[in-house]
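Using the sequences provided together with the hints, build the complete structure.
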Amino acid sequence: MARRGLQEINASSTADIAFLLLIFFLVTTTMNVDTGLARVLPPMPDPNQKQQEDIKIKKRNIFVVLINKSDRLLVNGQDMDLTQLKIKAKEFITNPNRLEDLPEFEFKPILIANPDYVLGTDSPQKIEHPHFRRKYPNGYPVSKGVISLQNDRGTSYKRYIEVQNVLVAAYNEVRDEVSIQEFGVPFNRLVNKEDMDAIRAAVPQKISEAEPKNIGGK
Amino acid sequence: MAKFSKRNKKSVPGISTASLPDIVFMLLFFFMVSTSMRETELKIKVTVPVASQGTKLERKSLASNIYVGIPLGKYQSLFGTEPRIQLNDAFASVRDIPAYIASEREARSESERPLMTAVLKIDQDVKMGIVTDIKQELRKANALKISYNTRKGVD
Numbered sequence: 123m124a125r126r127g128l129q130e131i132n133a134s135s136t137a138d139i140a141f142l143l144l145i146f147f148l149v150t151t152t153m154n155v156d157t158g159l160a161r162v163l164p165p166m167p168d169p170n171q172k173q174q175e176d177i178k179i180k181k182r183n184i185f186v187v188l189i190n191k192s193d194r195l196l197v198n199g200q201d202m203d204l205t206q207l208k209i210k211a212k213e214f215i216t217n218p219n220r221l222e223d224l225p226e227f228e229f230k231p232i233l234i235a236n237p238d239y240v241l242g243t244d245s246p247q248k249i250e251h252p253h254f255r256r257k258y259p260n261g262y263p264v265s266k267g268v269i270s271l272q273n274d275r276g277t278s279y280k281r282y283i284e285v286q287n288v289l290v291a292a293y294n295e296v297r298d299e300v301s302i303q304e305f306g307v308p309f310n311r312l313v314n315k316e317d318m319d320a321i322r323a324a325v326p327q328k329i330s331e332a333e334p335k336n337i338g339g340k
Numbered sequence: 185m186a187k188f189s190k191r192n193k194k195s196v197p198g199i200s201t202a203s204l205p206d207i208v209f210m211l212l213f214f215f216m217v218s219t220s221m222r223e224t225e226l227k228i229k230v231t232v233p234v235a236s237q238g239t240k241l242e243r244k245s246l247a248s249n250i251y252v253g254i255p256l257g258k259y260q261s262l263f264g265t266e267p268r269i270q271l272n273d274a275f276a277s278v279r280d281i282p283a284y285i286a287s288e289r290e291a292r293s294e295s296e297r298p299l300m301t302a303v304l305k306i307d308q309d310v311k312m313g314i315v316t317d318i319k320q321e322l323r324k325a326n327a328l329k330i331s332y333n334t335r336k337g338v339d
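Chains as they are written, first to last, in our numbering: chain Z, 123 to 340; chain P, 185 to 339.
All clues stand as given, with none of them false.
Straight-line C-alpha distance at most 16 Å; calculated EDC-like pairs for lysine to aspartate or glutamate:
(1) Lys280/Z / Asp309/P
(2) Lys208/Z / Glu295/Z
(3) Lys311/P / Asp193/Z
(4) Lys280/Z / Asp203/Z
(5) Lys336/P / Asp156/Z
(6) Lys280/Z / Asp307/P
(7) Lys328/Z / Glu228/Z
(8) Lys191/Z / Asp309/P
(9) Lys212/Z / Glu226/Z
(10) Lys329/P / Glu331/Z
(11) Lys244/P / Asp156/Z
(12) Lys240/P / Asp156/Z
(13) Lys311/P / Asp274/Z
FYI, nobody ran anything at the bench for these hints, they're computed from the structure. All values reported here derive from a predicted model rather than from experimental measurement.
Shown next, in the form of structure tokens:
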């Protein structure tokens, strides 16, 4: 046979192949971002350990939110709706007038993760935030309040999340206020990770999801 | 008329399609990178509740999903209309959760295990009873980081 010149590969079909793949990925793609309310559950008490006494929390430091099986709220013994709950929760977290029946404050340094920490050296893992150390040499007043959320087995999940959402919103608003006061911008506009950690430490989100009380009942 | 016909004789050069594959490939790579395959086929109805304060899940690869909802129509004859739990592709009971968490842990490297999050994708019409049971099982399995999956929305 006569030697022919090298034939070029016909590439006009690559476009079609690519189109096919493209359409496949277009159809199968799901671009939803998972959002959610993050929580940390308390560890299970050790059954071998002898029944330790409940940690005593002063009554003024606890904010009890009950949701009953018909989705109604009882907050510190009072009937309430969601908007009222938010106002009350914010009042509880900030205690602006330093009232006797709202939570106490604990003056403590605002600790953040040390950015210069090197594993295996003597450098401290946590350091004080420089801004807070300068402004509050005796420690920043951190609220000792805990919000306790209790529900019935018959409470609807939707209502439960609504209430959780309102409580998180109350904390976020307080964080915004503190952030504006300290850094001049709201919490979600902070660029510095250290500043964000500092605000988180200054306004800790303490929502306790209580142990179910009526296990096996009803 | 003569003028017009003269002008029409100038032929318009055809648009070159040589760059078309490149453009399509670019799009293709974009979708390939951003895509995430749906791993599980839902056998229950899950419409998660709306919450305005939801935060983005940090890493999807560290999430283990627990679905709760009412079985879809075709499964109702077998599994009833009460809310059921779905883990991976199968219906499960509350007692299966520790084993599921253990297998999820096995699948991750040791350094990532403490960061794992149990993502609760629960239908909004479900009652809290089953949710409380799941939470208790998660505590027993020492999977303490959880996230209530929500939709973005205004309240």
